[in-house]
Every structure is written in structure tokens, then in C-alpha cells.
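Please put together the full structure from these sequences, using the hints given.
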Amino acid sequence: MSATTTERGRRAGGGSVRAAPPSSAPARGGAGKPSRSRADTRAGYAFLSPWLLGFVLLTAGPMLMSLYLAFTDYDLFQAPQFVGIDNFTTLFADPRFLKSAQVTALYVFVGVPVKLAAALAVAMLLNAKHRGQGAYRSMFYAPSLIGASVSVAIVWRAMFIDDGIADQAQQFFGLPGGGWVGDPDMTMPMMILLAVWQFGAPMVIFLAGLKQIPAELLEAAAVDGAGPVRRFLSVTVPMLSPVLFFNLLLETIGAFQIFSSAFIISGGTGGPADSTLFYTFYLYIKGFTEFRMGYASAMAWVLVLVVGIITAILFRTSRAWVHYTGDVR
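For the sequence shown, this note's numbering gives the first residue as 51, with consecutive numbering after it.
Keep in mind the hints are simulated off the structure, nothing from the lab. Heads up, none of these hints are tricks.
Distance condition first, Cα-Cα at most 25 Å in a straight line; then the derived DMTMM-like pairs of lysine to aspartate or glutamate: (1) 149 <-> 123; (2) 149 <-> 301; (3) 179 <-> 266; (4) 149 <-> 235; (5) 149 <-> 324; (6) 149 <-> 340; (7) 149 <-> 233; (8) 261 <-> 301; (9) 179 <-> 269; (10) 149 <-> 136; (11) 179 <-> 274; (12) 149 <-> 125; (13) 261 <-> 274.
Label-pair restraints from in silico Cβ distances: (14) 171 <-> 232: 23 to 33 Å; (15) 107 <-> 160: 36 to 46 Å; (16) 108 <-> 171: 31 to 41 Å.
Beta carbons are placed, not taken as given, at the ideal position from N, Cα and C, and that holds for glycine.
Below is the structure:
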């Protein structure tokens with residue numbers, strides 16, 4: 051049957067049947083994929099290039115350069131001289147370095163918990179339903195927008211100097227005056243108060259976390275006889291623990307970097323009696339006042355190491371007290 055059909059086709063066509071040449075045209079939808087993929091890749095790198103350049107030139111490059119300078123003696127005017135680990139060994143024999151580390155540690159481990167406690171307390175007050183909620187939230191958040199500015203540090207210094215507002219208030223209530231700025235025992239409370247006054251950012255994050263706590267849990271705890279304190283400790287804190295951990299991590303890292311307010315309030319000296327000589331402040335003095343850039347670079351990398359260790363400890367210990375929804379323990 052097939053032979054007969056082939057013979058008829060030869061007669062009708064007047065010759066042999068020629069096989070159709072294989073088509074060289076690519077299948078629709080598949081030809082442009084490789085070139086399209088390469089074009090998309092190039093476009094992606096083009097859009098990423100500003101960030102990549104900024105990261106290499108402004109972050110990674112300076113970090114690697116400072117790591118090199120940490121092992122050199124460099125004064126910004128002459129070529130760096132390699133000195134090995136001399137900068138690091140000199141650090142721990144420097145009494146002002148040890149004082150700056152002590153001042154910073156006290157500020158971090160006292161100021162951060164007090165700031166977070168104030169932020170959580172205000173967030174819980176603002177979480178209650180009442181008129182003018184938006185206005186109250188804006189007023190409490192406003193100090194965080196300007197808290198780190200030079201102008202606020204100048205005002206803060208004016209408030210706590212001799213015969214300032216704080217001094218006059220103390221004398222009004224029969225307390226001894228003299229101002230806080232010139233008293234080594236009062237400068238740290240003054241700096242912590244300035245930090246606490248800037249609780250707006252963690253407050254907003256706490257407030258967002260409080261909104262996510264199901265009201266049914268608090269109502270069930272109240273029905274079971276739990277009072278306000280018990281509900282706070284057994285329901286609110288565990289449900290809020292991821293947000294608390296986030297705020298604790300950010301505020302701890304930020305507290306290690308305090309500089310501008312200490313510089314303005316102390317008049318650029320770190321006084322009185324080095325009571326405001328924070329770590330980054332002393333780093334600035336070594337690098338840009340005494341021009342010991344190698345020494346300052348070594349200080350910077352010690353700070354990176356300390357912050358990294360504390361961050362790792364926080365992440366490690368968070369497994370015991372941070373509870374995420376759906377966790378099985």
C-alpha cells in the first residue's frame with residue numbers, strides 16, 4: 051500500500067520525491083532565552099554597580115586599609131612603618147584606653163537596659179486605646195529624630211552646667227547644687243539620661259510588637275486569675291521576646307558608637323577626670339588629634355572584635371529566652 055502511494059506521488063510530481071530539508075529556524079520561544087538571560091544579568095549588575103562601588107570604595111576598601119594600618123606606625127604625613135602587634139600590646143598598657151573601655155562598658159550595660167525599659171513602658175501606655183493616640187506617639191518619637199544632633203548636645207550641656215535648669219531644680223528641692231557637667235560622679239547619669247530621652251525608635255518597634263499579641267491570650271490569662279504583673283511576665287514578655295531581642299541587639303551596637311554628645315558635652319576633652327572619655331572619643335583623639343592613625347586603627351579593630359563577641363553571645367543566649375511563634379521546645 052505504501053509503495054503504491056509512493057509511485058503515484060512520483061508520477062504526479064514528475065520525478066522523485068525530495069525530502070524536505072531540515073528547518074534551521076529555532077523553535078519559537080526558545081531561541082532568545084540564552085541571550086535574554088545574559089542581557090538580564092548585565093542589567094542586574096548595572097543596577098547593582100552603584101552599591102557595589104560604594105561598598106568596595108567606602109566600606110570594604112577602608113576596612114582592609116585600616117586592618118593593614120593597625121600593624122603600622124602611621125601619622126598621616128609619612129609612609130606607614132610596619133611594627134607588627136606593637137599597637138595592640140601598647141593598648142592594654144595605656145591607662146586612658148582602659149579608662150575609655152570602662153566608661154563605655156558602664157554606659158552600655160547600664161544605659162541600654164534603662165533605655166529599653168523606658169521604651170517598653172511608654173509603648174505599653176501608648177498601646178492602650180485613648181483619644182489623640184497619633185499625637186502622643188509623634189511627641190514621644192520626636193526626640194529620636196534630633197537626639198543625636200550637635201544642637202541637642204549643646205542644649206543638654208546648658209541644662210546641666212552650673213546654675214542650669216537641673217542645678218536650679220536641685221537647689222529648689224534643697225539638694226546641693228554645682229551642676230552635673232563638672233562632677234565626675236554625675237556625668238555618666240547625665241549621659242544615660244540623654245540616651246533614655248531618645249527612646250522613640252525602640253518604642254515604635256515595641257509598639258508594633260504589642261499590636262501583634264492576640265488579645266485572646268491576655269483575656270484567657272485574666273480569666274484564669276492572672277493579675278497585670280503576671281500577665282506581663284507570662285504572656286506579654288514571651289510574645290514580645292523577638293522584638294526585645296532585636297531592640298537589645300541594635301541598641302547595644304549603637305551604644306558602643308557614642309561620640310558626638312560626649313564630645314560636645316565635655317568640650318572635646320573627655321573630662322572631667324576622663325568620665326566622658328568614651329571608646330570612640332578616645333579613638334578620635336588618637337587618630338585625628340595626636341595623628342597616631344595606626345594606634346587608632348588597632349583600637350577600631352579591637353572594638354569590632356568586642357562587638358562581634360557580644361553579638362555572638364546575644365545570639366547564643368537568645369535560644370533560652372526568645373520564643374518564636376510555632377517553635378517546638
